[in-house]
Amino acid sequence: MYTHDKAESTISSNALIDALRQIVADDALLHEKEDLKPYECDGLSAYRAIPLVVVLPETIEQVQHILTLCHQHQVPVVARGAGTGLSGGALPHEQGVLLSLAKFSNIIDIDPKRRLARVQPGVRNLAISQEADQYGLYYAPDPSSQIACTIGGNVAENSGGVHCLKYGLTVHNIQQLKIITIEGELLSIGGSGLDSAGYDLLALMTGSEGMLGVIVEVTVKLLPKPERAQVLLAAFDDVVKAGEAVGNIIAAGIIPAGLEMMDRLAIKAAEDFVHAGYPLEAEAILLCELDGTNEEVSEHVFKVREVLNDSGSIEVRTARDEAERQVFWQGRKSAFPAVGRISPDYYCMDGTIPRKQLPQVLKAMADLSAEYKLPVANVFHAGDGNLHPLILYDANIPGALERTEEFGGKILELCVEVGGTITGEHGVGMEKIDQMCVQFNSLELQQFHAVKAAFDPQGLLNPGKAVPTLHRCAEFGAMHVHKGELPFPELERF
Amino acid sequence: MNSDISQQLQQQIQQAFEQQKALSIVGGNSKAFYGRVDERIGSAEKLDVSAHRGVLSYEPTELVITARAGTRLAEIEKLLHDNGQMLPFEPPSYADSATIGGTIACNLSGPRRAYAGAARDLLLGCKIINGKGEMMSFGGEVMKNVAGYDVSRLMAGALGTLGVLLEVSLKVLPKAEKEVTQMLEYSPSEALDKIHTWSQTPLPISASSYHDSILRVRFSGATKAVNAAIETVGGETVGSDAMHEDQHYWQSLKEQQLDFFTGDDASTRPLWRISMASDIESLELPAGYANDDCLYEWGGALRWLKSDAPAEVMQSAASAVDGHASLFRHQHGSIFQPLTPGLLRIHKNLKQAFDPQNILNPGKLYPEL
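Respectively, the protein sequence lines represent chains L and B. Reminder that position 6 of the first sequence reads as 7 in the working numbering, one-by-one numbering, no gaps. Reminder that position 100 of the second sequence reads as 81 in the working numbering, one-by-one numbering, no gaps.
Careful: at least some of the hints might be erroneous.
Examples of chain B residues lying across from chain L (beta carbon under 8 Å, computed) [said to hold, decoys possible]: (1) Glu40; (2) Gly121; (3) Tyr130; (4) Asp131; (5) Ala258; (6) Gly323.
The calculated lysine-lysine pairs, modelled on PhoX-like cross-linking and capped at a C-alpha distance of 25 Å, are [said to hold, decoys possible]: (7) Lys411(L) <-> Lys374(L); (8) Lys59(B) <-> Lys357(L); (9) Lys175(B) <-> Lys114(L); (10) Lys222(L) <-> Lys175(B); (11) Lys226(L) <-> Lys175(B); (12) Lys156(B) <-> Lys304(L); (13) Lys205(B) <-> Lys226(L); (14) Lys304(L) <-> Lys159(B); (15) Lys357(L) <-> Lys156(B); (16) Lys269(L) <-> Lys364(L); (17) Lys179(L) <-> Lys329(B); (18) Lys156(B) <-> Lys226(L); (19) Lys226(L) <-> Lys159(B).
Here are the simulated distance ranges between beta carbons [claimed, not checked]: (20) His450(L) <-> Thr213(B): 49 to 59 Å; (21) Leu325(B) <-> His276(L): 53 to 63 Å; (22) Met(-18)(B) <-> Thr11(L): 56 to 66 Å; (23) Arg342(L) <-> Leu325(B): 46 to 56 Å; (24) Thr42(B) <-> Ser106(L): 38 to 48 Å; (25) Ala252(L) <-> Ser78(B): 28 to 38 Å; (26) Met(-18)(B) <-> Ala252(L): 21 to 31 Å; (27) Pro113(L) <-> Leu266(B): 26 to 36 Å.
No lab work stands behind these hints: they were computed from the structure. No residue lacks a Cβ here, since even glycine has one placed at the ideal position from N, Cα and C.
Use the sequences and the hints to build the structure in full.
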């Protein structure tokens, strides 16, 4: 159970609930213990907290009134979409309101000519593509949770997916947002054109983890569906060779739609689970998806086969048809649940590294794995350097989660050390808040706090997430002294 | 050319912060015409970033380049070209002296923007000095990075009002194997109709423009894909096999050297840049204001319009369609689309967060910032 810093609300819980009852219908207000329980965590179940109250508004005006009320009485507010986030970003505040956007689930408009979809934040990622399909269009970012995760959460986390290298992250695929500030003011950010006047608030809001405003409407860009997609599977007897093959494909001037790598343990788990026909003797496999026009795909498949052979792969297969393409992907897409079958629990990490550092990072991770006696399966968005090491552990063994978290933290610090980042697509949330102290110095963290204050000076929106206080970093730093130097020397130690 | 003057720049900013004196940030001076004229900048001390030069890292297979802000854009483009790569947003330079820092600070992008993203889309990270003289890094050199707020992209288009760019990291892409431009004759409404129809299909479009009854569409990609696209849309190939003529057109367009930009009236008539919904044929201007001397880009999402309409008229017409209009050349009155009160408040707060003494390019973007 996670305990927050005490909020300084100026209203009693009963009075708050009464006031909320004036804003939303009774069935849109949850405050009994058993009703609150389902909201205690998001996709990162290691952190749990019961909110004071859950409110499920269905109109923009209601959200405005709720935020105005909370602002007036200094009540913390945590916004929540589908709750599939993996970093604890939607972890409730015990003395606060959990604002669920689940009822904002309408696709307002699809404009095939402008290739835009205007949707409410509670619309599921995949539902947009399904609705746009009739026009031959789709929404490109495809986080692996796309069947369940909502677009509001995607914007808040700047979600990625397997197709980011070619099609970008959420920030590259949205055009307009409507947000409500903590004061209850409705702002429209972006516009009908490709850019807008003034500062790039669209980028600032994207990935801001619910710290700056509540998203109540999103206009996303749609792309024409590629005429054809083809996937190649290459097996390697050495992870380093697989990594080099990725560089060689890009050096050949080809940007694949997806480029995924799995290591031996991940291959085995996936194969046992879905029987995708993965070569079990391989140390690593690469899945390379090429899409575009028919002609383009034909030309690129030919080239990539050559590159893979020249890069020392022990086997290259091209999916013969759409069914086989799905089978090739099935293994990769089921990698997480597959690992879940071979271990009681697993912990999914999310660092990004410059791709050339892969051999070094894999070696260091193997050493850490031996040190902590915890196996690691690696699933890797190889094209853009985004690593998802899955640490296998058993939460029933006392202290195992703590050791796993410590191990995970070291992996993230390693990513920063080689010039990467602690999070590629899952967000900082509650989970990686200490590692923020490793990636950023105190000036940078203070600048983040100043940005936050520009929107929410009292810190009521999602308090305690995403950006650590300098004191927290000082405490964390005391445990993690690098090269004999104390980080944040300007702060007193506790 | 390689030199690191970040310490001097930091000292100058720290001093200006202590003395509360405005600084006018200068790179290659190629886009000095862009932005508000404000007496606070006119009388300000210059902060010259142009000597802070040099490419710091570039590995083609990582698809990332990092350079100091004063590095000439031309130098970066040549280096990428030599490695078969490019800056996907095809930035205009307006002069040989243009720097990468100025390019990002202005967030101006060329013909490929609608298809490959803007400067801000390709920006992965930057090192800046804020208005307190604090040197900081945000983002990084990797494609995916969601740690902390996206301060890097906030710098793109801020015209230096939030921080002085020291270094930028950008995503680069391989050049296409083949590029061909097709020319077709259409009325404005037909042209918009065509480009929208094509854009709903996976044709490898990489640029489009319409002016003087001529729609031009550029295709980039694998040879077979480009050839197939030519078959689909028809029309006449620009310069047939000679690639240069086709490149020359898009180059002249982005550098504003076409007759449209340099003709007789160009030196006197205001030039508006209008960003708006791509399928609306034209802005609704009151009778008496010319609305037809227009060049379309980006599949219709960007318009260059020569018009004598006052700023209030132009900007209220743009805002009526949820777009925005900026006065690009021959500036007078309100240059950038006025912000709504709510957005202006956030802008002022952000300015305060980065530059509390208001010393960095004060008034360059909006009088209040």
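Item to complete: Find the hints from earlier in the document that the structure breaks and name them by number, from lowest to highest.
Response: none
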